[in-house]
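J.: Chain residues, written in single-letter form:
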Amino acid sequence: MPAKIAIGLLVVLAISTASGGAEPIAKIPDADFDRLLKAIKPQPDESPWREIPWLTDVTEARRKASAEDKPIVILTAADGSPLSRT
Amino acid sequence: MRLRERELAGVVEAYERLSKEERLAPLPDPAAATPPKRPVPAPPEGGLILRGYCTYLKQDKTGRIDRANQFYYLENPDRWMAETQSDLLWLTKSERESLIPADPKVGERRDVADAIQKRFYGTIGIDYMEGSVNSLPVRESTMTLTVEAADDKKIALRLDGYAALGKPFDEKLRKEANSRGCELRVVGRVRYDRAKRTFSRFDVVGVGRGWGNKMDYVNREVRIGDYPWLYGIACELVTGDAPQDRIPPYNMLHYNSTGPYFAAEGR
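If you read the protein sequences in the order shown, they are chains A and B.
Reading the first sequence from the start, the letters are residues 0 to 85 in numbering that gives the first Met the number 0.
Reading the second sequence from the start, the letters are residues 0 to 266 in numbering that gives the first Met the number 0.
Keep in mind the hints are simulated off the structure, nothing from the lab.
Don't be surprised by glycine CBs; every beta carbon is placed ideally from N, CA and C.
Among the hints, a few may not be true.
[Said to hold, decoys possible] Now the stretches of chain A that chain B is said to cover, found in silico as 3 or more residues with beta-carbon under 8 Å:
# : segment
1 : 24-32
2 : 38-46
3 : 59-65
[As the list claims (entries may be wrong)] Computed list of lysine to aspartate or glutamate pairs in DMTMM-like fashion (alpha-carbon distance at most 20 Å, straight line):
#  : chain 1 : residue 1 : chain 2 : residue 2
4  : A       : K40       : B       : E129
5  : A       : K63       : B       : E20
6  : A       : K26       : B       : D65
7  : A       : K69       : A       : E50
8  : A       : K37       : B       : E235
9  : B       : K19       : A       : E67
10 : A       : K69       : B       : E15
11 : A       : K37       : B       : D159
12 : A       : K63       : B       : D28
13 : A       : K37       : B       : D65
14 : A       : K63       : B       : D240
15 : B       : K57       : A       : D33
Given the sequences, and given the hints that come with them, work out the whole structure.
T.: Below, the structure written as structure tokens:
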């Protein structure tokens, strides 16, 4: 009987520590590593703005724009940098 | 974010109509500018920069996990596809060095420092698809590095980890503000170049499950049918040479509810 109680307790603990009721997250198979890495990163053509060599220093941008006779596009955001979380 | 090509075309035309004197007006002396009240921090000297990514995932009946496409404000006729988000993780020089085994033996496994685990999981291990979300406190976590191969030139390490963050899962959090929580499992492939004394690879994949709502919101901006929902994170090494690789991590500057970004001794 004590053994059954112990097993019962272990099962309860295993469920409760994982996610408090949500289905526990399974381990990531090694065979899926490269596929998931590719799937989670930005997809081809998803974010073409990432390919632009942005400058983050306004003074440097003004100097470069003046030297190359080009206008400046300024991208800004209320929170954080638009070049990271958008 | 969309690049507004049509609007910008008009601006370029207007610019080209300006005289050269107007286009190339002299720049004020930057040294005369009022210094910023809050200078933008630079990455720690000799540290490590990782760029993280976040997106939604789905699981089919066979258990296969793949990328899921979701929309911001699904009910809006002008809805747009949720875009992969990215953020950065900074480690100090001493934290970077702590990841490198001094005398690597194949099969040797070591715990990653708690401060790194807390920062990694709390800032780039969470679901940040809604952009401006603050870090989450870690309730429990593990992160280990195992030596898979080592010779005079390189060390190959495997990273394994798990974390539970924020509020524990509860169905009722679906309609509660400030109620985010998640759990995450990660695997990584890390390579260290002993000759150059630099990391040459730091790829990590994470599969997580998220729940709850951010701040005062009780409806997520991204409407997802599943609750809890699946999300994925990935990260990679960046050199820090490009300006956009040197942007401070989001939670270093904004809404970090879990304490200072670096531990007191960190920098």
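J.: Each of the hints needs a verdict: does it hold here or not?
T.: Each hint tested on the structure:
{"no.": "1", "hint": "24-32", "verdict": "holds (count 7)"}
{"no.": "2", "hint": "38-46", "verdict": "holds (count 7)"}
{"no.": "3", "hint": "59-65", "verdict": "holds (count 3)"}
{"no.": "4", "hint": "K40/A <-> E129/B", "verdict": "holds, 16 Å"}
{"no.": "5", "hint": "K63/A <-> E20/B", "verdict": "holds, 16 Å"}
{"no.": "6", "hint": "K26/A <-> D65/B", "verdict": "holds, 15 Å"}
{"no.": "7", "hint": "K69/A <-> E50/A", "verdict": "holds, 19 Å"}
{"no.": "8", "hint": "K37/A <-> E235/B", "verdict": "holds, 11 Å"}
{"no.": "9", "hint": "K19/B <-> E67/A", "verdict": "holds, 12 Å"}
{"no.": "10", "hint": "K69/A <-> E15/B", "verdict": "holds, 9 Å"}
{"no.": "11", "hint": "K37/A <-> D159/B", "verdict": "holds, 19 Å"}
{"no.": "12", "hint": "K63/A <-> D28/B", "verdict": "holds, 15 Å"}
{"no.": "13", "hint": "K37/A <-> D65/B", "verdict": "holds, 10 Å"}
{"no.": "14", "hint": "K63/A <-> D240/B", "verdict": "holds, 18 Å"}
{"no.": "15", "hint": "K57/B <-> D33/A", "verdict": "holds, 17 Å"}
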